[in-house]
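**Q** Sequence:
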Amino acid sequence: MDTMLLFTRFWLLLAAIGGATLPVALGNEPSRKRAVVQVVCGTMLAVFLAPALEGRFLPDSPAEIHAGVSFLVGCFGLRVTMIAQRLVDSRGESLANRVIDRIAGGDKP
Numbered sequence: 037m038d039t040m041l042l043f044t045r046f047w048l049l050l051a052a053i054g055g056a057t058l059p060v061a062l063g064n065e066p067s068r069k070r071a072v073v074q075v076v077c078g079t080m081l082a083v084f085l086a087p088a089l090e091g092r093f094l095p096d097s098p099a100e101i102h103a104g105v106s107f108l109v110g111c112f113g114l115r116v117t118m119i120a121q122r123l124v125d126s127r128g129e130s131l132a133n134r135v136i137d138r139i140a141g142g143d144k145p
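In the working numbering, the protein residues as written are 37 to 145.
Fair warning: there could be bad hints in the mix.
Each pair of labels, with its calculated beta carbon distance range [stated by the list, open to error]:
1. Thr39 x Ser126: 24 to 34 Å
2. Val124 x Val76: 20 to 30 Å
3. Arg45 x Arg92: 13 to 23 Å
4. Glu100 x Arg70: 46 to 56 Å
5. Asn64 x Asn133: 36 to 46 Å
6. Thr39 x Ala71: 30 to 40 Å
7. Leu49 x Asp137: 22 to 32 Å
8. Leu131 x Pro66: 26 to 36 Å
9. Gly128 x Val76: 43 to 53 Å
10. Gly141 x Phe43: 35 to 45 Å
11. Ala120 x Lys69: 22 to 32 Å
12. Val124 x Arg92: 18 to 28 Å
13. Pro98 x Ser67: 36 to 46 Å
14. Thr39 x Leu123: 20 to 30 Å
Please keep in mind that the hints were generated in silico from the structure rather than gathered at the bench.
Even glycine gets a Cβ: it sits at the ideal position worked out from N, Cα and C.
Using the sequences provided together with the hints, build the complete structure.
**A** Here it is in structure tokens:
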């Protein structure tokens with residue numbers, strides 16, 4: 037395997053871990069277990085989501101840009117996920133009904 041490719045992947049993993057660690061380091065997390073889970077989940081989010089974002093929006097950018105995206109996804113990805121989850125919890129049924137009506141051509145009074 038190409039050593040440059042291995043270095044690039046390691047660089048992206050390091051950026052993802054750093055991004056996921058930053059909110060935990062700056063926050064006042066009372067539980068060490070919860071902090072570890074937050075870092076692991078943020079890293080996984082960055083490892084799996086950042087390449088998809090980079091492939092779609094930044095396909096020809098250098099490794100440094102990809103590392104920056106991985107860092108930002110690791111840092112803010114869990115917060116964005118929590119906001120999206122709250123949105124789905126509070127307005128999910130009405131949004132789903134709108135999507136179904138749009139696709140299926142809902143009943144018009």
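**Q** For each hint, tell me whether it holds in the structure or not.
**A** So, going through the hints one by one against the coordinates:
no.: 1; hint: Thr39 x Ser126: 24 to 34 Å; result: violated, 49 Å
no.: 2; hint: Val124 x Val76: 20 to 30 Å; result: holds, 23 Å
no.: 3; hint: Arg45 x Arg92: 13 to 23 Å; result: holds, 19 Å
no.: 4; hint: Glu100 x Arg70: 46 to 56 Å; result: violated, 32 Å
no.: 5; hint: Asn64 x Asn133: 36 to 46 Å; result: holds, 40 Å
no.: 6; hint: Thr39 x Ala71: 30 to 40 Å; result: holds, 34 Å
no.: 7; hint: Leu49 x Asp137: 22 to 32 Å; result: violated, 43 Å
no.: 8; hint: Leu131 x Pro66: 26 to 36 Å; result: holds, 34 Å
no.: 9; hint: Gly128 x Val76: 43 to 53 Å; result: violated, 27 Å
no.: 10; hint: Gly141 x Phe43: 35 to 45 Å; result: violated, 53 Å
no.: 11; hint: Ala120 x Lys69: 22 to 32 Å; result: holds, 24 Å
no.: 12; hint: Val124 x Arg92: 18 to 28 Å; result: holds, 22 Å
no.: 13; hint: Pro98 x Ser67: 36 to 46 Å; result: holds, 38 Å
no.: 14; hint: Thr39 x Leu123: 20 to 30 Å; result: violated, 44 Å
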